[in-house]
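Chemist: Spelled out from the first residue to the last, the chains are:
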Amino acid sequence: NAGVTQTPKFRILKIGQSMTLQCTQDMNHNYMYWYRQDPGMGLKLIYYSVGAGITDKGEVPNGYNVSRSTTEDFPLRLELAAPSQTSVYFCASGGVGTLAPEAFFGQGTRLTVV
Amino acid sequence: AQSVTQPDIHITVSEGASLELRCNYSYGATPYLFWYVQSPGQGLQLLLKYFSGDTLVQGIKGFEAEFKRSQSSFNLRKPSVHWSDAAEYFCAPRSNDYKLSFGAGTTVTVRA
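The listed protein sequences derive, respectively, from chains A and B. Residues in the first sequence are numbered from 1 upward in steps of one, following the numbering used here. Residues in the second sequence are numbered from 115 upward in steps of one, following the numbering used here.
Rather than coming from a laboratory, the hints here were simulated on the basis of the structure. Careful: at least some of the hints might be erroneous.
[What the hints assert, rightly or not] Short derived list, chain A residues pointing at chain B, Cβ under 7 Å: (1) Y31; (2) G42; (3) V50; (4) E102.
[As the list claims (entries may be wrong)] To give a feel for the contact side, a few chain B residues facing chain A, derived at Cβ under 8 Å: (5) L158; (6) K163; (7) R208; (8) G219.
Heads up, the beta-carbon is just placed ideally off N, CA and C, and yes, glycines get one too.
Produce the entire structure from the sequences given, and follow the hints as far as they go.
Modeler: The following block contains the structure:
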């Protein structure tokens, strides 16, 4: 059981380039999340999704876009990369109900914008 | 507005001593509550969770947390810390619409 898989693990982008961070989960979870983590700042929610076709903004959505065409996949798109987007990005997924309400996290993508 | 606060940025504790990490939240309704741990360069691992019932919950690695509704708190404790507990700890409430937020984290250093 792979859980939550993020690709790539590392990436260096030049200012103004774009890229997509991939996230897929094999647990049939309804809910998926994207976070960024900066040193000393905890995790900030970028976007989340409650199911295929439904997405919502989190705390820091500017400069990012997401889509959720399938239950399994929740890609994060960066358009016109800026140095402020240098961060570690985590994807997570979670189920419904009270039996297993916790989120499971991927191993992260370390992105540097130069 | 919903918020979560971890008042302690950094805690240093001696090996074998007890540890308590504080978490306070401000939500309209009691959220689901989680504690996650992150070792350097690693992802996040769930320590424990609370959604109802007994207000003292047990987790992995000997951790426990106590939910106090009157204080809007969910503090994490461990009676005897091991060197391997050095990590960053995050309190994370999840609202009823499944929005999962994180506190700023508390870094724990364990000294021999």
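Chemist: Each hint should be assessed against the structure and marked as holding or not.
Modeler: Status of each hint after checking the structure:
1. Y31: holds, 5 Å
2. G42: holds, 4 Å
3. V50: Nearest chain B Cβ about 6 Å off; hint holds.
4. E102: Hint on A:E102: holds, closest Cβ of chain B at ~5 Å, below 7 Å.
5. L158: Status holds, d = 4 Å.
6. K163: holds, 5 Å
7. R208: holds, 7 Å
8. G219: holds, 5 Å
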